[in-house]
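Could you put the whole structure together from the sequences, leaning on the hints where they help?
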Amino acid sequence: MTGSNEFLLSNPAIPSLLYSELEGEVRDGVKNVLDKRSSWPATLERTETENTVDADLWRSLAVDVGLVGLAVPESVGGGGASWREVAVVLEELGRRCAAVPFLGHAVTATALLVEIGDRDLLEHAASGDVTVALAVPANSLAWHLPKLNTTVEDGKVSGSVRSVSDAVTAQILLVPVDGDLYAVDASAVSITPALSLDMTRQLADIEFVSAPATLVASEVSAALGHALAISSALLASEQLGLAEEALQITVEYLKERRQFGRVLGSYQALKHRLADLWVEITNARAVARYAAACAAEDSDDLCRRPS
Numbered sequence: 018m019t020g021s022n023e024f025l026l027s028n029p030a031i032p033s034l035l036y037s038e039l040e041g042e043v044r045d046g047v048k049n050v051l052d053k054r055s056s057w058p059a060t061l062e063r064t065e066t067e068n069t070v071d072a073d074l075w076r077s078l079a080v081d082v083g084l085v086g087l088a089v090p091e092s093v094g095g096g097g098a099s100w101r102e103v104a105v106v107l108e109e110l111g112r113r114c115a116a117v118p119f120l121g122h123a124v125t126a127t128a129l130l131v132e133i134g135d136r137d138l139l140e141h142a143a144s145g146d147v148t149v150a151l152a153v154p155a156n157s158l159a160w161h162l163p164k165l166n167t168t169v170e171d172g173k174v175s176g177s178v179r180s181v182s183d184a185v186t187a188q189i190l191l192v193p194v195d196g197d198l199y200a201v202d203a204s205a206v207s208i209t210p211a212l213s214l215d216m217t218r219q220l221a222d223i224e225f226v227s228a229p230a231t232l233v234a235s236e237v238s239a240a241l242g243h244a245l246a247i248s249s250a251l252l253a254s255e256q257l258g259l260a261e262e263a264l265q266i267t268v269e270y271l272k273e274r275r276q277f278g279r280v281l282g283s284y285q286a287l288k289h290r291l292a293d294l295w296v297e298i299t300n301a302r303a304v305a306r307y308a309a310a311c312a313a314e315d316s317d318d319l320c321r322r323p324s
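Just so we're aligned, residue 18 is where the sequence shown starts under our numbering, counting upward by one.
Hints listed in this document are in silico derivations from the structure and should not be mistaken for laboratory results. Just so you know, nobody snuck in bad clues.
Quick list of the computed label-pair ranges, beta carbon to beta carbon:
1) Ser-207 to Leu-232: 20 to 28 Å
2) Glu-42 to Tyr-270: 26 to 34 Å
3) Trp-57 to Ser-235: 41 to 49 Å
4) Val-268 to Glu-42: 23 to 31 Å
5) Ile-266 to Asp-81: 26 to 34 Å
6) Gly-134 to Lys-164: 21 to 29 Å
7) Trp-57 to Leu-294: 15 to 23 Å
8) Pro-90 to Asp-197: 19 to 27 Å
9) Glu-269 to Leu-212: 29 to 37 Å
10) Ser-175 to Glu-38: 46 to 54 Å
11) Asp-146 to Tyr-284: 51 to 59 Å
12) Gly-196 to Glu-38: 41 to 49 Å
13) Asn-49 to Asp-222: 34 to 42 Å
Given the structure is predicted, the values throughout are model-derived calculations rather than measurements. Every residue gets a Cβ at the ideal spot worked out from N, C-alpha and C, and that includes glycine.
Below you can see the structure in the form of structure tokens.
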């Protein structure tokens, strides 16, 4: 086992899955904000209201702390960090089920803007001045982007896109049309919230009726696929944070709940089930960390299709 560890540490082709000091500092900063502004009861209560996005928390993360530009180059006003640091932010947001459009704005849309090199929109996105969302269905994958029902004529976009994530609070929509990318002001379209399985990331249906659009870039299919791959990779980190928190809550509950005169956690069968779950989450952490490292290093494994 020691030999294997030495091989992993000495082989530059294999990224380290350990958390760096910088990643630890980012985590502490995010936790500090969430401890003050986000709680499970408040999040659950918000899902039953019309305002499913926590606007105050989003403003704190985006503007006050400046996390939305974490992976944006410093030359464009960003933090100059990597996707590994962004993945740590997502772990903590997932741990709290934070209802903010971080994945859609700071990962998916930002990755696309970085890839195509649009400086103007990227600066606004990195500063938190505007919230940007990519108008594609939530189930879009790097290797399988559904054909979109959108057209453009005389600089105006028409059509519809269903089940778009993080669009309900967006000010700017990035709309792919026939391989090109257009920017559309969200106030010029109809955005209808849709019932989502996860109401902390509410989906929305978007209708474009001759909406004025600005061409951002042409021939963006490859860039779009790359951005979606990064988004999928980092979504794993958010899910990891949620899984770890769920396990922690379960363990705490089993330590306190009593049945038939015994603490539930003392039953051997439950201990075995918790141990199995811990192993599965540990494996999931390794996968999520590797995915984030692939995104940060632009590894060929990032877009590797499942067999």
